[in-house]
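**Student:** The chain contents come next:
There are 2 protein chains.
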Amino acid sequence: MLDPRPVGYVLGLLTIVMGVAMLFPMALDLADGNRNWQAFAVSAAVAIALGGSVALASANFDLRQMSVREAFLLTTATWVVLPMVGAIPLMLGEPDVSITDAYFEAVSGMTTTGATVFPGLDALPRGVNLWRGILQWLGGLGIVIVALLFLPVMRVGGMQFFRSEGFDTLGKVLPRTIDISRGLIQAYVVLTLACAATYGALGMNWYEATVHALTTLSTGGFSTTDRSFAAFSGLAEYAAVIFMILASVPFIRFIQFANGNRLALLHDVQVRAFLRWMAYAILVLTLWQVFALDYPLEPAFRESAFNLVTLWTGTGYASVDVTAWGSFAFAILFVAGLIGGCTASTGCSVKIFRYLVLKEALISQLRLLVSPRTVTTPRLDGRQIDRDVIDSVMTFTVLFFLTLGVVAVALSLTGMATQTAITAAWTSVANIGPAFGPEVGPTGAMDAFPTSAKWIMIFAMLIGRLELLAVFVLFTAAFWRG
Amino acid sequence: MLDPRPVGYVLGLLTIVMGVAMLFPMALDLADGNRNWQAFAVSAAVAIALGGSVALASANFDLRQMSVREAFLLTTATWVVLPMVGAIPLMLGEPDVSITDAYFEAVSGMTTTGATVFPGLDALPRGVNLWRGILQWLGGLGIVIVALLFLPVMRVGGMQFFRSEGFDTLGKVLPRTIDISRGLIQAYVVLTLACAATYGALGMNWYEATVHALTTLSTGGFSTTDRSFAAFSGLAEYAAVIFMILASVPFIRFIQFANGNRLALLHDVQVRAFLRWMAYAILVLTLWQVFALDYPLEPAFRESAFNLVTLWTGTGYASVDVTAWGSFAFAILFVAGLIGGCTASTGCSVKIFRYLVLKEALISQLRLLVSPRTVTTPRLDGRQIDRDVIDSVMTFTVLFFLTLGVVAVALSLTGMATQTAITAAWTSVANIGPAFGPEVGPTGAMDAFPTSAKWIMIFAMLIGRLELLAVFVLFTAAFWRG
Ligand SMILES: [K+]
Ligand SMILES: [K+]
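Going down the list, the protein sequences come from chains A and B. Residues 673 to 1154 (my numbering) are what the first sequence spells out, left to right. Residues 673 to 1154 (my numbering) are what the second sequence spells out, left to right.
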């Protein structure tokens, strides 16, 4: 029997957190003399009252008894329900949009996708943009915690490879959850503050610096302006590149770094592959722009690095019209988005780890074809990759591309152009941010998409963010029976 | 040590076969009073002399000693070398094209891809179009034999699942090769004759009927006219649907049928899935055309069935401009091309069998997530699917889509538009036929593609046709060392 109480209890507490977080945009709008502060005040009251009563009603149980199935349910429920709470102020106050648009924006925020249905960001109350940034920041933090604590136990997508670094069962998770979570939150806060300070030093005002720091560290990509990073060309782009990369490495390494292991980051096999592949891609893109498009070297290098990193890490800021770089450059950027960052970061998509496992598995398969009698065990980082992990990784990857295809077909069924359907599927399933095509507005906003397309994207963003299997498992009969 | 003699011997014999086959187009052009017969006469002489001397020089060995590694080498060498022979008359006589175009056309023929670089097919000597048909027919026959006899032993892409139906080692293959091959050739010839007779009865002249029968049964898709099947609208399209489907089912079933097992075809789990999925897709496409595009029912059903089946089976005939059906219909057709026919047919792409294995593997992975302690073994057609088969199938599928992506990126690097690059990659790797985009000519011909793009496509058609791994394995150091 599934016990609804742990799910209700945690959801209730998180709803309270959402309500408390609304006090920041409320304060900003109040200070700005913008009466939109009332929307946040009412929403905060609703969230805290609602969350409080659900938490109290569900509190009568032992959290350490949570089963793996309840963890699955909780994970999906969190990302389905909290955006409902996050959408309330967007409906009560400005931009005063439909349920679909408000929920789309909140899901896009909390899944750190960053696709927006709000054109005219510059004209919104500053509190609204701060709230959008906070949604992404909270969503990013949430996913790091889930990836580090839950997914390895849930054995989703090969994450059980990291079990030995963490925990074996949920029973052992909880005692250390608070420890690890505290370390994670510290690292996340410190990096966000450093990012905001850097952005501030490079010319953003404190509001722009704060919101962009929130959406950089969460690889979310929401901006305070329709121009996105085109408004902050130059050094700020280099700074963003560095912080987007930091947001895409395993957060556990920062804790190890803080604990004195200064080389933890550089010894990580994922981080090394991530940086190496990215360096090659930036080199190729820069050469392409310099030699094929005759761009000068510095902007070519800067825009290559910025746009590649922002799409690769799934942050999704824009600084130039990348489609003007031609189909080759676009193909590189498209593929980069399908790689993604490292596991247990705020990054999305398939992720470096899985490609490393696939590479080792492919090599050992080829070896097997040549000499069927030689048994070779694929290894990663000196450790043997279990059968189980390879199976999960392969299943995940196949399912990822299958989902991408199904979502693209579903989107094209709503009447969208092929290019829009494909890039919108890509941006949703891999939680990237921008889409390209005739239906996308001049500011990159997707408000003109059909309502059905928005709901397909909402579903796709959720399953993409929750590593597909964590959601799909809820659709099996065995889950509810077992 | 790799022994080059078995490879040389078989290649020599096959070159002689090619030379003998050139006598047909020679005779046709001679009867037409077209002096292009001389190109075929000279080419035939060259092929027979060359093949004869290589075969004689390599004959001094025991064919039963052929190792698996030599089988790999032979398979790739066959599809690389024979198109060189097949290209000779296209350079010596009409259409008198460059080495690139002649080899492209011959590879596109023998891999049964059917992409053409010849605009103006109607103006070519009839012998040239007959030769193009023969190239596809021979290529289709070759692949059925390789798929049935070699791939299971080579353990490529999960084909070892079919080993128990066939043979365990190459040593056991050869004694039965002649038996099985004879049965295959009989079935292939009978079906081709039946197809030609049907086409003839439905309005084609005997030359059109013959060439189209050769390219239908091989799921090749070359036509005698730039209009392709638009020139034969109506009942001939229904006939083509039936014969394209017959060309995409496991050929071993026809042998069993001839041996008295009348239900062999209908009991095949691949065939059942193939027909079921295809029926759904035709239904959806027809409904889309009737309700969304307001087309009348009969042509909507006929054009849906014809265009879906021609792309799904990888035949690649054209009858209407399918891009005019909108992005949803186009997405369905694009996906259909990535499914493909059944194993051990002339069909290409990923194939039904692999999707069935993937489906079972996914289901058992999901079950495992829910109840980690329950061990479930995926089964297909009542038989257990071995670990080994699942690994191979997953590796193949991942590699297939990876190759598709890499080829699309490489093609876009030559400066092609994204749409052209993607559809040309799709048509090459899955051996389908048509591509769509600004660089494709009005007749569907790809003569205007950059030379570099043509060579990328040649490489892609070859590895796609030879199930990727059979070629990739040649690029491993272990293969040459072992
Ligand atoms: K994003
Ligand atoms: K074809």
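Treat the hints as calculated values from the structure; they're not laboratory data. Just to be clear, a hint being listed does not mean it is correct.
[Said to hold, decoys possible] Okay, the calculated beta carbon distance ranges per label pair:
(1) A:1124 to B:948: 26 to 34 Å
(2) A:1122 to B:939: 27 to 35 Å
(3) B:753 to A:1123: 37 to 45 Å
(4) A:1147 to B:676: 38 to 46 Å
(5) A:1007 to B:878: 31 to 39 Å
(6) A:792 to B:906: 26 to 34 Å
(7) A:938 to B:772: 45 to 53 Å
This structure is a prediction, so every number in the text was calculated from the model and none was measured. For each residue, glycine too, the CB sits at the ideal point set by N, CA and C.
**Student:** Does each hint fit the structure? Answer for all of them.
**Tutor:** Hints and how they fare:
1. A:1124 to B:948: 26 to 34 Å: 27 Å, holds
2. A:1122 to B:939: 27 to 35 Å: 44 Å, violated
3. B:753 to A:1123: 37 to 45 Å: Cβ of residue 753 of chain B to Cβ of residue 1123 of chain A: about 57 Å, so the range 37 to 45 Å is violated.
4. A:1147 to B:676: 38 to 46 Å: 55 Å, violated
5. A:1007 to B:878: 31 to 39 Å: With a Cβ separation near 49 Å, residue 1007 of chain A and residue 878 of chain B fall outside 31 to 39 Å, so the hint is violated.
6. A:792 to B:906: 26 to 34 Å: 55 Å, violated
7. A:938 to B:772: 45 to 53 Å: 47 Å, holds
In summary, the structure is inconsistent with hints 2, 3, 4, 5 and 6 from the numbered list given earlier, while agreeing with the others.
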